[in-house]
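Protein chains: 2
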Amino acid sequence: MTAAEPGHSTVPVIAGVDLGGTKIQAVVLRNEEVVGSARVLTPQTGDPGDVIDAIVETIRTSLEAARATEPDLGGIGIGTPGEVDAKAGAVLLAANVPGFSERVELGRLVSSQLGNANVTVGNDVNVGVLGEYERGAGRPYENLLGVWSGTGVGGGLIIEGQLYDGRGAAGEFGHLVVKPGGLHCSCGRRGCVEAYAGRVSMERRARQLVKRGQKTDLFHIMEKHERTRLSSGVFARALEQGDKMAKKLIAEAAWALGIGMASAQNLLDLEAIIVGGGLGDRLGQPFVDQIVEQMTPHLFAQEPPVVLGTELRDLSGAVGAAVLAGG
Amino acid sequence: MTAAEPGHSTVPVIAGVDLGGTKIQAVVLRNEEVVGSARVLTPQTGDPGDVIDAIVETIRTSLEAARATEPDLGGIGIGTPGEVDAKAGAVLLAANVPGFSERVELGRLVSSQLGNANVTVGNDVNVGVLGEYERGAGRPYENLLGVWSGTGVGGGLIIEGQLYDGRGAAGEFGHLVVKPGGLHCSCGRRGCVEAYAGRVSMERRARQLVKRGQKTDLFHIMEKHERTRLSSGVFARALEQGDKMAKKLIAEAAWALGIGMASAQNLLDLEAIIVGGGLGDRLGQPFVDQIVEQMTPHLFAQEPPVVLGTELRDLSGAVGAAVLAGG
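In the order they appear, the protein sequences are chains W and C.
To convert a position in the first sequence, counted from 1, into the working numbering, add 1358.
To convert a position in the second sequence, counted from 1, into the working numbering, add 1358.
If we strip away everything but chain W, and leave its shape as in the complex, we get (with noise of 0.2 Å):
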């Protein structure tokens, strides 16, 4: 750290990155606070290096809503898609984030353009639940899970207290095998929870039933509302509307999700499941108890868990890379 310039606070601040493949979003915190944060799409290009500097940039215009300059960065704190290998601050096959398909040292590269701050990266689901558990819905509990279901599903275990990782792959949630011979995965078994729970997983499923002949507004809306995919927010609105397809596909999710939690706990006997994610927090505590609906026949000891939205909401990942980074 620089020493403290004149009208300068000496307090430093933290920054947290949530990189996706749709949007990148950052806060910096100031004394455990948001004092800033700012959002911006993922560039689209291709080249690792757009999306680098989309992300500085994004840290920048954090800083300023927070008063703060370069020289106050006490570390930087990154969440990503794909496999991390921590140590190097590196990530691997991020197939989601354009241009992250191969290796990118995304610590190095971020760290050289913001004055050689350290940096910190993690996995996205991890750093969204470990953002839960210091700041958010997580706080009064000591063993927990979080199930964050969005484009696929993913999962992070909070174990007395520590971010559990086993060899560096534990979490994933999305594929416990919730009906053996079920549904594709995107991961090429079948019957994974996220073949039923993913957003992807239900945007195909939702064009073969169309192909089939049933008949819905999802993807009516999905035009009005200029997105390509099926988004959280799309099936928000089919919701609404009463559109059947989207029931089912929510219904068929919520059933997904709360098997799995249910052989989750099981295991585990947690306190509590956190859900998240893009479509846990767009169609919130609805989703929930359809969840717990599910979940709750299956469950062995007499004690549930509890379970709850995230507090945190689309900050959960961004706030909790900024906690990693010792924020």
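Keep in mind that the hints are not guaranteed to be accurate.
In this list, chains with the same sequence are indistinguishable; a pair is considered to hold if it fits within one copy or across any two.
[To be verified] Calculated pairs, DMTMM-like style, for lysine to aspartate or glutamate (alpha carbon to alpha carbon, straight line, at most 25 Å):
no.: 1; residue 1: LYS1582; residue 2: ASP1408
no.: 2; residue 1: LYS1445; residue 2: GLU1518
no.: 3; residue 1: LYS1445; residue 2: GLU1629
no.: 4; residue 1: LYS1602; residue 2: ASP1639
no.: 5; residue 1: LYS1445; residue 2: ASP1408
no.: 6; residue 1: LYS1381; residue 2: GLU1584
no.: 7; residue 1: LYS1445; residue 2: GLU1661
Everything labelled a hint here was simulated from the structure, so no lab data went into it.
Here the structure of chain W is known, so what remains is to put chain C in place on it, guided by the hints.
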């Protein structure tokens, strides 16, 4: 601890007891080595006092075998089925142990007959897994799941080198849901691992298949060996004889265990999974291989867990109980 008497070793011994519905196994450890053991059949009178007396006698016989006396006893550990009140050293609802269907002050009652030695009470499967972790097949690993397939199917978790019990009810691997709406389980639900891989469920299913006209030597072998239940040994002998129904039931058990283990692995990214319990120990490596074959196609991460049989075999529980008591 009392002062050493002349001619006695000053090294204390620790007793461990595995209390089951059929048998009571005790061991005595000195310097972490098994130096004495004894086994008796569990009294079937329905009087809990008879079971307590049998536990005490079995410990005494083990002490004699270890050339130790009661004053040498540094502690006693007991693994029991049912719900454990660890603080009070009591057990509730151990329906399989005659007379133990209500609360039994197991620790206090055993202690009072053995010089008021400290008694620690734990869940039978958890202590079995602890035994394998500390002194058996699990020694090289810090994150592992024990899957105990016997009368029912239990599980125990070691997370970061510690027995993980959640709020007291973790490890119910037998009640992971592997086929929603599938076979009835003894817990009253459907499609649990135990509905396919617990001996009680497997026997019920065998009787149903016989009623439907299917042929098997299972019950013939059972009677020939003067058993009243389809024990693990009966299944093993039927398999050796190529009995089709036994093959089918064991294949279904391996399937359910494999699906459940894949889900647990995808969630926890464990280093190892240990397969124990009566069925696991009796059927050994061929059964482990069958389970691995079912599990592997559902694994998400590249690095699979090591899957092993137990090393202490039917002493896992008693040794683990002694470990729990400091042995």
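Tested hints:
Taking identical chains as interchangeable, the C-alpha atoms of LYS1582 and ASP1408 are never at most 25 Å apart, the minima being 29 Å within one chain and 76 Å between chains. For the homomeric pair LYS1445 and GLU1518, the shortest alpha-carbon distances inside one copy (23 Å) and between copies (20 Å) are both at most 25 Å. Proximity of LYS1445 to GLU1629 under the C-alpha cut-off of 25 Å is restricted to the inter-copy arrangement: shortest distance 20 Å between copies versus 31 Å within a copy. Taking the shortest alpha-carbon separations for LYS1602 and ASP1639, only the intra-copy value of 21 Å comes in at or below 25 Å, while the best inter-copy value is 51 Å.
For a Cα distance limit of 25 Å, the shortest separation of LYS1445 from ASP1408 inside one copy, 24 Å, qualifies, whereas the shortest one across copies, 59 Å, does not. In this assembly of identical chains, LYS1381 and GLU1584 lie within 25 Å of each other by CA distance solely inside one copy; the values are 16 Å within and 69 Å between copies. In this homomeric assembly, LYS1445 and GLU1661 come within 25 Å of each other (Cα to Cα) only across copies, at 19 Å, whereas the closest approach inside a single copy is 39 Å.
Going down the numbered hints, you'll see the structure goes against just number 1.
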